[in-house]
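Q: Below are the chains, spelled out letter by letter.
Protein chains: 2
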Amino acid sequence: MGKKRKNLIESIAGKQLHVLAQQLYDLTLPEALTANNRLERYICQSDGLKLLYATQRVTDEVLDTLQELSAECQLVSQFQEMRRGGIMNCISGFESENRQVLHTACRDLFSDTPAEPEATAQARRELAKLALFLEGIDTGQICNAEGKKFSTMIHVGIGGSDLGPRSIYEALIPYGQKGRQVFFISNVDPDDASAVLAQVDLSTTLVNIVSKSGTTLETLTNETIVRKALQDANLDPRRHCIAVTGEGSPIDNPEEYLCSFYMYDYIGGRYSATSMVGVVMLGFFLGYKKVVEFLQGAAEMDLTAENPILRENLPLLLAMLGIWNHNFLGSPTVAVLPYSQALHRFPAHLQQCDMESNGKSVDRTGQPVTYKTGPIIWGEPGTNGQHAFYQLLHQGMEIVPVEFIGCITSQRGEDVEVAGSTSQQKLLANLLAQSLALAVGQTSDNPNKCFPGNRPSTLLLIDRLTPQTMGALLALYEAKIVFQGFAWNINSFDQEGVQLGKVLATRFLDCLSGRDKREDSIQRKFLQVALKTP
Amino acid sequence: MGKKRKNLIESIAGKQLHVLAQQLYDLTLPEALTANNRLERYICQSDGLKLLYATQRVTDEVLDTLQELSAECQLVSQFQEMRRGGIMNCISGFESENRQVLHTACRDLFSDTPAEPEATAQARRELAKLALFLEGIDTGQICNAEGKKFSTMIHVGIGGSDLGPRSIYEALIPYGQKGRQVFFISNVDPDDASAVLAQVDLSTTLVNIVSKSGTTLETLTNETIVRKALQDANLDPRRHCIAVTGEGSPIDNPEEYLCSFYMYDYIGGRYSATSMVGVVMLGFFLGYKKVVEFLQGAAEMDLTAENPILRENLPLLLAMLGIWNHNFLGSPTVAVLPYSQALHRFPAHLQQCDMESNGKSVDRTGQPVTYKTGPIIWGEPGTNGQHAFYQLLHQGMEIVPVEFIGCITSQRGEDVEVAGSTSQQKLLANLLAQSLALAVGQTSDNPNKCFPGNRPSTLLLIDRLTPQTMGALLALYEAKIVFQGFAWNINSFDQEGVQLGKVLATRFLDCLSGRDKREDSIQRKFLQVALKTP
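Note that the protein sequences, when read in sequence, are chains A and B.
Just so it is clear: in the first sequence, position 368 is 368 by the numbering used here, and no numbers are missing.
Just so it is clear: in the second sequence, position 278 is 812 by the numbering used here, and no numbers are missing.
Hints are computed from structural coordinates only; laboratory data are not their basis.
Each residue gets a CB set at the ideal place from its N, CA and C atoms; glycine is no exception.
Among these hints, one or two may not hold up.
To be verified - Cβ pair distances, simulated, as ranges:
(1) A/R124 <-> B/P986: 37 to 47 Å
(2) B/E574 <-> A/K517: 15 to 25 Å
(3) A/T365 <-> B/Q733: 46 to 56 Å
Stated by the list, open to error - Taking lysine to any residue and the SDA-like style, the derived pairs with C-alpha atoms no more than 20 Å apart in a straight line are:
(4) A/K449 <-> B/Q1033
(5) A/K289 <-> A/S111
(6) B/K1059 <-> A/E31
(7) A/K532 <-> B/Q958
(8) B/K1036 <-> A/A439
(9) B/K762 <-> A/Q425
(10) A/K532 <-> B/I577
(11) B/K1066 <-> A/E312
(12) A/K525 <-> B/A973
(13) B/K538 <-> A/P447
(14) B/K1036 <-> A/P452
(15) A/K4 <-> A/Q78
(16) A/K502 <-> B/T562
(17) B/K1066 <-> A/T409
(18) A/K532 <-> B/E574
(19) A/K525 <-> B/P564
(20) B/K1036 <-> A/T422
(21) A/K525 <-> B/D997
(22) A/K449 <-> B/V1037
(23) A/K525 <-> B/L585
(24) B/K1066 <-> A/T422
(25) A/K372 <-> B/L863
(26) A/K517 <-> B/T956
(27) A/K449 <-> B/V1032
(28) B/K983 <-> A/E97
(29) B/K1036 <-> A/P447
(30) A/K372 <-> B/P986
(31) A/K149 <-> A/R238
(32) A/K532 <-> B/L567
(33) A/K228 <-> B/E951
(34) A/K502 <-> B/E951
(35) A/K15 <-> A/V369
Pulled out of the complex, with its shape left as it was, chain A reads as follows:
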């Protein structure tokens, strides 16, 4: 706390990078991609992932300066401090959450000397409870009132308690246990819950209520809807509902829930997918063994992130390439484009994790920042996107750095050869072609067929998307986001920006319910205008 930490603008390396940005490597020149063994040298791989970055506008000099930047800003040592329990969630000199940041401790299970033993011990306790619980479900010891086994789970949560777990579930569907299925309810829109309840047989359904505070408006509302549906079906909610929450929260209540799994204050919602928030649902679906593989993938990436050498540290490298494009080349957004249908919701999770972490405008001493912080993150899977928004990526007036993600092998292994190639080959060919096309561009006598090129991208390749590589992929992005936040010297772990909307929503509800009777409030006037029938 109160430490003076350098941000990227104050650093000597940052000033050099501004100079280097004036004389950018031209990817459109002949041999630009192959000169100096660029393709082979601009690769970083670890933990089953491989990053190709020859199609970025970087040179050895830029990379060396990014290395210096990360050293000056002490990015890796701050990451180490975080993993070891440092109070990284704070704004010094002002009231703030003042918490440790220990999502990494949830998966630090594979070493005899975990970085923060106390938090890892808590994670182990919860995992042991989970293993027992899952065994009970498998054997049928835990069952419904008629003795039937549970086959379905409804996961009720929102934000960090929804997007991370859901995107990982979607990514790993082919690894699910036979007969098990999961549904998700998140939105306070009553149609969301209705649509799910119309599809499930509640008698064999577990309902997993996920809220750290136990007070999240949307989640409690949806819980009430689901409990009512259980009662309407003559089922006892206490036999069907479980909770993932903070110890002692309003929903940590054995009278109302079959059991509770705990998460802790030192884990932010958007970083909680490897805590009980994600792992209870994933355990039910995948089985305990595969969840441990998932955690192991994440744990290995956390260790990789402690390597001080930029070119060997995958998350640090991805973070610094992002800083280069955002702060020095001026691109306001980043597109994350997975060439994998299984990862179709992963960009939405990253959008949350990144933008809620780094969409900030004061630094860790409460001073307004004078440089761009977190970019806008967006994306959809390829090849679909190619037929949608790629027009703008290639020929639009806004340069969008792209983070492609691809898998060498498909998950399900079912494929056919059409016109001399398999679908998986077509998918890969398109992935590589897009990265190349963005970089090299094309000239033409027809101005409408010109492609300027020099549009940067990285290619992240995974041999096959498995629980383990999914864990590594998740931890890669979590660490990338954390490194960038350190470089901007902001607190990536709070979310004060969501408070005002909550306060005003309550005022609108008071107005709607008649609790607030003032005729002249802005809420009243706004509501009158909004609700007047056309």
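Mind docking chain B on chain A? Use the hints.
A: Frame of chain A, contents of chain B only:
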């Protein structure tokens, strides 16, 4: 063709808007939202939709100047020309598609004097074929080899043949006919088709192959996969497959398909949701009557778009507010945030329709443009987004103009009261609160709890999302995109930017299949690096 058309920068109004942008209306001042009856006056409604825009940084003077801009650039008369069959898809002086743009003709069915009678006659013919086909399915005249009725459809398409139809299907699920269901396959990723095929009973499934050219790589590949699955299940593909395609295309073939429905060159893929591309699937699911309601909603909005008065022309107003934020206030992106779970994929459709249309950098005479064209469009449903990326919207360093969409009434009508309010009330309260919070902000002694405010948004309210209002919503956005393209003087109807990637993908496939044996091509080298196992 060859007409000299003014763009927004050349206009007198454009120059005035630059001056007005230096003295912006301050939404954070006390009474800023209520002064001068602002809330009541800054409303535009038509066709079941209502736009509230008091939370934009506009004044009467700005609006009047935007009105002048639209007059100088002849936006409405160009829209009229488009609807009447003008060749709007062209770049004068260069080879280009040189086509009419007549997606509006597909729904111009409710007037005795359609704007372009020939195209509307073609649309009527296809609709009549569809009505007959749907009747055959309903009665069981069209059935599988065993005489069983069809209950399921797999819609196979990509890009414009996928995102629009799919997002509308998702929006209208509660209106589906009992027992009918639809699945979608789009991605060339083989896992996409596998996942769908694992869920359906093919014996009662119709397969709808949608490709204008009949040559789309992804769609033909997925068709092959599905046909193989039909054969493996001892089903005759000719009894199960139908095609939506151009007349005379390779898949317009009665030997191989139960029947073909036609679309025409004058309809671009991303604007094709109201053509047979969307309507065959929607007709199967919703029934013919509801599809006509959907088309009627769109037709009415098309007429609204011909009103030259900015404040009464909903699509024009939305377009000009977007231009104001993008070109004069400098925001590179737009977030579309529906407070409706049913609209969860609508932002993805708009992302396609908008960015493929307006992500351009040459004008309609082939000259490079010197101003920003189409923005980056992104978004996810609220309230979910509030727990995800809204932090950046409120406190980030990048200002994101927001287009909120909300419904007064839920679709399914199932709701409960929790803590004194229904879910639908909570949803609405949050929607209004976000718009207000972004506009007015908040001061605080704690810099981390400060909200700068002055972040612009519009609130588009729908009484209830029905086939008809969904049609109006779709056409609203189509027209908005077209108006903006006219203002930028670009061709919003081609997509040359997707070609280079296609060409390079073919080269990669030639390399993978061994057809291209050169050892020194960039493709070969790229593949070697990418596929080398870690």
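Q: Could you run down the list of hints and mark each one as holding or not?
A: Here is how each hint holds up against the structure:
Range check, A/R124 to B/P986: Cβ separation about 44 Å, and the 37 to 47 Å hint holds. One distance hint, 15 to 25 Å for the beta-carbon pair B/E574 and A/K517, holds here, with the actual separation near 21 Å. Checked against the given bound of 46 to 56 Å, the beta carbons of A/T365 and B/Q733, roughly 54 Å apart, stay inside it. Restraint check for A/K449 and B/Q1033: satisfied, since their Cα atoms lie roughly 8 Å apart, inside the 20 Å limit.
Between the alpha carbons of A/K289 and A/S111 the distance comes to roughly 18 Å, so the proposed pair stays at or under 20 Å and holds. Our distance criterion of 20 Å between C-alpha atoms is met by B/K1059 and A/E31, whose separation comes to about 12 Å. A C-alpha spacing of about 16 Å is found between A/K532 and B/Q958, which places the hinted pair at or below 20 Å, so the restraint holds. For the suggested pair B/K1036 and A/A439, the alpha carbons sit about 15 Å apart, so the restraint of at most 20 Å is met.
Distance restraint check for B/K762 and A/Q425: the Cα-Cα separation of roughly 19 Å lies within the 20 Å cut-off, and the hinted pair is therefore satisfied. The suggested pairing of A/K532 with B/I577 holds, with an alpha-carbon distance near 11 Å, which does not exceed 20 Å. Annotation: proposed proximity of B/K1066 to A/E312 holds, straight-line Cα distance about 18 Å (limit 20 Å). Restraint check: the Cα-Cα separation between A/K525 and B/A973 comes to about 15 Å, which is no more than 20 Å; the hinted pair holds.
Restraint check: the Cα-Cα separation between B/K538 and A/P447 comes to about 18 Å, which is no more than 20 Å; the hinted pair holds. Proposed proximity of B/K1036 and A/P452 is supported: the alpha carbons are some 16 Å apart, at most 20 Å. With a C-alpha separation of about 12 Å, the suggested pair A/K4 and A/Q78 falls inside the 20 Å cut-off, and the hint holds. With a CA separation close to 18 Å, the supplied pair A/K502 and B/T562 stays within the 20 Å bound.
Under the criterion of a C-alpha separation no larger than 20 Å, the hint pairing B/K1066 with A/T409 is consistent with the structure, at around 13 Å. Restraint check: the Cα-Cα separation between A/K532 and B/E574 comes to about 11 Å, which is no more than 20 Å; the hinted pair holds. The suggested pairing of A/K525 with B/P564 holds, with an alpha-carbon distance near 14 Å, which does not exceed 20 Å. Restraint check: the Cα-Cα separation between B/K1036 and A/T422 comes to about 16 Å, which is no more than 20 Å; the hinted pair holds.
With a C-alpha separation of about 18 Å, the suggested pairing of A/K525 with B/D997 holds against the 20 Å cut-off. Proximity of A/K449 to B/V1037 is assessed by CA-CA distance (about 13 Å); at most 20 Å being required, the pair is judged to hold. Restraint check: the Cα-Cα separation between A/K525 and B/L585 comes to about 16 Å, which is no more than 20 Å; the hinted pair holds. Taking the CA atoms of B/K1066 and A/T422, the gap is about 19 Å. The hint holds against a cut of 20 Å.
As the CA atoms of A/K372 and B/L863 are separated by approximately 17 Å, the hinted pair is consistent with the 20 Å bound. Taking the CA atoms of A/K517 and B/T956, the gap is near 19 Å; set against the 20 Å cutoff, the hint holds. For the given pair, A/K449 sits about 10 Å from B/V1032 by alpha-carbon distance, which is consistent with the 20 Å threshold. Taking the CA atoms of B/K983 and A/E97, the gap is about 12 Å. The hint holds against a cut of 20 Å.
Of the pairs offered as hints, the one joining B/K1036 and A/P447 holds, with about 18 Å between alpha carbons and a cut-off of 20 Å not exceeded. Distance hint between A/K372 and B/P986 is fulfilled; the C-alpha atoms sit about 16 Å from each other, no more than 20 Å. Restraint check: the Cα-Cα separation between A/K149 and A/R238 comes to about 15 Å, which is no more than 20 Å; the hinted pair holds. Simply put, A/K532 and B/L567 have alpha-carbon atoms about 18 Å apart, close enough for the 20 Å limit, and the pair holds.
Our distance criterion of 20 Å between C-alpha atoms is met by A/K228 and B/E951, whose separation comes to about 11 Å. This hinted pair checks out: A/K502 and B/E951 have alpha carbons roughly 19 Å apart, not beyond 20 Å. Pair hint A/K15 plus A/V369 holds up; C-alpha atoms about 16 Å apart against a cutoff of 20 Å.
Comparing the model with each numbered hint stated earlier shows that all of them hold.
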